[in-house]
Amino acid sequence: MTLHAITVLGHDRPGIIAETTARLADLGLNLEDSSMTLLRGHFAMTLVCAGDTPAAAIEEALAPLAAEDTLAVTVREVPSSQHGDAGGTDWVLTVHGGDRPGIVSTLTAEVASVGGNITDLTTRLAGDLYLLVAEIALPADADAAALEQAVAAAAERVGVGATLRPVEADEL
Amino acid sequence: MSAPDTPTDEALEEGSARLRAWTEAELGVTGEVRPVVTAPAAVLSTAGETVDPTSPDVVRLAADLLATQRVSPGCVGLAAPQVGVSARVFSVDVSEHPKTRTHHGAYVLCNAEVVESSRNEKAREGCMSAPDFTGDVKRASRLVVRGRLPGTGEEVVVRTDAFEARCLQHEMDHCAGYLFLDRVAGAHAVYARRTYL
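Top line first, the protein sequences correspond to chains A and B.
Residue numbering for the first sequence follows my numbering, beginning at 1 and increasing consecutively.
Residue numbering for the second sequence follows my numbering, beginning at 1 and increasing consecutively.
Some hints could be false.
Said to hold, decoys possible - A few chain A positions that, by computed beta-carbon distances, are all more than 10 Å from chain B:
{"id": "1", "residue": "40"}
{"id": "2", "residue": "66"}
{"id": "3", "residue": "76"}
{"id": "4", "residue": "97"}
{"id": "5", "residue": "157"}
{"id": "6", "residue": "169"}
{"id": "7", "residue": "172"}
What the hints assert, rightly or not - Taking lysine to any residue and the SDA-like style, the derived pairs with C-alpha atoms no more than 25 Å apart in a straight line are:
{"id": "8", "chain 1": "B", "residue 1": "122", "chain 2": "A", "residue 2": "169"}
{"id": "9", "chain 1": "B", "residue 1": "138", "chain 2": "A", "residue 2": "158"}
{"id": "10", "chain 1": "B", "residue 1": "122", "chain 2": "B", "residue 2": "140"}
{"id": "11", "chain 1": "B", "residue 1": "99", "chain 2": "B", "residue 2": "67"}
{"id": "12", "chain 1": "B", "residue 1": "138", "chain 2": "A", "residue 2": "122"}
{"id": "13", "chain 1": "B", "residue 1": "122", "chain 2": "A", "residue 2": "118"}
{"id": "14", "chain 1": "B", "residue 1": "138", "chain 2": "A", "residue 2": "99"}
{"id": "15", "chain 1": "B", "residue 1": "138", "chain 2": "A", "residue 2": "74"}
{"id": "16", "chain 1": "B", "residue 1": "138", "chain 2": "A", "residue 2": "120"}
{"id": "17", "chain 1": "B", "residue 1": "122", "chain 2": "A", "residue 2": "132"}
{"id": "18", "chain 1": "B", "residue 1": "99", "chain 2": "A", "residue 2": "135"}
{"id": "19", "chain 1": "B", "residue 1": "138", "chain 2": "A", "residue 2": "109"}
{"id": "20", "chain 1": "B", "residue 1": "99", "chain 2": "B", "residue 2": "154"}
{"id": "21", "chain 1": "B", "residue 1": "138", "chain 2": "A", "residue 2": "102"}
{"id": "22", "chain 1": "B", "residue 1": "122", "chain 2": "B", "residue 2": "176"}
{"id": "23", "chain 1": "B", "residue 1": "122", "chain 2": "A", "residue 2": "22"}
{"id": "24", "chain 1": "B", "residue 1": "138", "chain 2": "B", "residue 2": "115"}
{"id": "25", "chain 1": "B", "residue 1": "99", "chain 2": "A", "residue 2": "122"}
Rather than coming from a laboratory, the hints here were simulated on the basis of the structure.
Remember, it's a predicted structure, so these values are computed and weren't measured experimentally.
Built from N, CA and C at the ideal position, the CB exists for glycine as well.
Produce the entire structure from the sequences given, and follow the hints as far as they go.
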């Protein structure tokens with residue numbers, strides 16, 4: 001059993017997901033994780049599916065999607081995901097402020113410098129307001145207080161506000 | 001405007017006092033730990049049966065829920081479908097949780113239903129029966145619940161808030177065949193636990 005990562009990007013219209021997944025189902029592929037959103041109105045989907053079909057055959061099956069030249073499809077084999085460190089802590093970073101180049105790179109560099117792994121990221125631009133929300137997995141030995149200070153300092157450098165909050169899921 | 005069956009303040013105070021005074025000893029049986037089932041078990045997606053709270057089976061189930069909850073780290077509530085029984089019975093004990101304001105100790109309610117709810121708040125929930133996910137769920141932070149006590153079958157009507165209110169709604173959902181996954185706030189409001197990085 002192999003895993004393939006498939007991306008579908010381009011002009012949005014109703015039916016893209018239904019058509020893509022029907023073609024994958026016809027090949028006997030099992031959809032595992034997927035994510036789809038509209039980015040500035042453009043359709044953007046990434047999915048990982050499991051099955052024995054080679055990448056070339058998946059590409060061929062999905063080729064009709066790209067026939068009108070408004071969608072781009074890529075297929076590549078990926079290794080099975082590695083188990084990570086479950087001992088760390090989870091955080092949400094929220095950044096917002098006036099749009100300018102470098103906000104994302106400046107803030108995420110601070111996260112990377114302490115070994116923090118971004119597990120989910122959304123950025124949006126609306127008018128002049130830039131917004132970033134990231135889920136961060138910090139390793140057990142990371143200094144969260146120091147990261148908070150570094151994030152605050154980095155935010156000040158690029159003229160935005162940033163908050164780093166621990167994620168607490170209540171077990172019910 | 002109040003519904004015709006809105007409980008009086010007096011009835012709510014009486015209900016709270018009775019529930020606080022309730023103890024497991026009233027059941028007269030010792031609970032046994034049962035295995036907790038996880039999704040996609042069909043029982044978790046099935047509406048539980050209304051029960052007779054005085055029946056010996058329900059009394060035993062109540063004791064077992066409390067016993068199972070007690071040995072599960074961090075567990076503040078457990079519903080019958082989570083131990084494989086399709087019934088409207090659940091246990092709750094939020095007394096040790098930091099987000100708790102009002103609470104009524106450890107208890108079991110049968111056939112519980114919401115009488116009034118207001119002030120929705122969003123928070124991230126996890127559940128022993130869906131251990132690989134957490135999700136953001138909006139729930140009322142002020143709640144009035146009516147239910148019956150196992151054993152005597154007495155009806156209690158109780159007002160609560162904050163974390164106990166959230167927990168009660170989560171457990172009543174289990175009894176109706178819903179998981180928190182059925183209530184997440186949006187497509188990007190459900191999160192994989194940190195098993196994979």
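Consistency of the hints with the structure:
In this structure residue 40 (chain A) is separated from chain B by more than 10 Å, as the shortest Cβ-Cβ distance comes to about 17 Å. Distance to chain B confirms residue 66 (chain A) as a non-interface residue, since its nearest Cβ pair spans about 25 Å, more than 10 Å. Listed as outside the interface, residue 76 (chain A) is consistent with that label: its C-beta sits roughly 19 Å from the nearest C-beta of chain B, beyond the 10 Å cut-off. With 10 Å as the threshold on Cβ separation, the claim that residue 97 (chain A) sits away from chain B holds: the shortest Cβ distance comes to roughly 22 Å.
At the 10 Å boundary, the C-beta of residue 157 (chain A) stays outside the reach of chain B, the nearest C-beta of that chain being 29 Å off. The beta carbon of residue 169 (chain A) is not kept farther than 10 Å from every beta carbon of chain B, the shortest such distance being approximately 4 Å. Against the 10 Å criterion, residue 172 (chain A) falls within the reach of chain B, whose nearest CB is about 4 Å from its own CB. With a CA separation close to 11 Å, the supplied pair residue 122 (chain B) and residue 169 (chain A) stays within the 25 Å bound.
Distance restraint check for residue 138 (chain B) and residue 158 (chain A): the Cα-Cα separation of roughly 34 Å exceeds the 25 Å cut-off, and the hinted pair is therefore not satisfied. For the suggested pair residue 122 (chain B) and residue 140 (chain B), the alpha carbons sit about 9 Å apart, so the restraint of at most 25 Å is met. For the given pair, residue 99 (chain B) sits about 23 Å from residue 67 (chain B) by alpha-carbon distance, which is consistent with the 25 Å threshold. For a cut-off of 25 Å, the pair hint linking residue 138 (chain B) to residue 122 (chain A) stands: about 21 Å separates their Cα positions.
For the suggested pair residue 122 (chain B) and residue 118 (chain A), the alpha carbons sit about 23 Å apart, so the restraint of at most 25 Å is met. A hinted pair counts as satisfied when its Cα atoms are at most 25 Å apart, and residue 138 (chain B) with residue 99 (chain A) does not qualify at roughly 31 Å. Only pairs whose Cα atoms come within 25 Å are accepted, and residue 138 (chain B) paired with residue 74 (chain A) is rejected, the gap being roughly 37 Å. At most 25 Å may separate the alpha-carbon atoms for a hinted pair to count; residue 138 (chain B) and residue 120 (chain A) meet this at roughly 21 Å.
Restraint check: the Cα-Cα separation between residue 122 (chain B) and residue 132 (chain A) comes to about 20 Å, which is no more than 25 Å; the hinted pair holds. Only pairs whose Cα atoms come within 25 Å are accepted, and residue 99 (chain B) paired with residue 135 (chain A) is accepted, the gap being roughly 22 Å. In summary, the hint linking residue 138 (chain B) to residue 109 (chain A) is not supported, as the alpha carbons are separated by about 33 Å, beyond the 25 Å threshold. Distance hint between residue 99 (chain B) and residue 154 (chain B) is unfulfilled; the C-alpha atoms sit about 29 Å from each other, more than 25 Å.
A hinted pair counts as satisfied when its Cα atoms are at most 25 Å apart, and residue 138 (chain B) with residue 102 (chain A) does not qualify at roughly 34 Å. For the hint pairing residue 122 (chain B) with residue 176 (chain B), the CA-to-CA distance comes to about 21 Å; that is within 25 Å, so the pair holds. With a CA separation close to 35 Å, the supplied pair residue 122 (chain B) and residue 22 (chain A) exceeds the 25 Å bound. Taken as a hint, the residue 138 (chain B) and residue 115 (chain B) pair is honoured in the structure, with Cα atoms around 18 Å apart against an allowance of 25 Å.
A distance of roughly 29 Å separates the Cα atoms of residue 99 (chain B) and residue 122 (chain A); the hinted pair therefore is violated under the 25 Å criterion.
When each numbered hint is compared with the structure, violations occur for hints 6, 7, 9, 14, 15, 19, 20, 21, 23 and 25.
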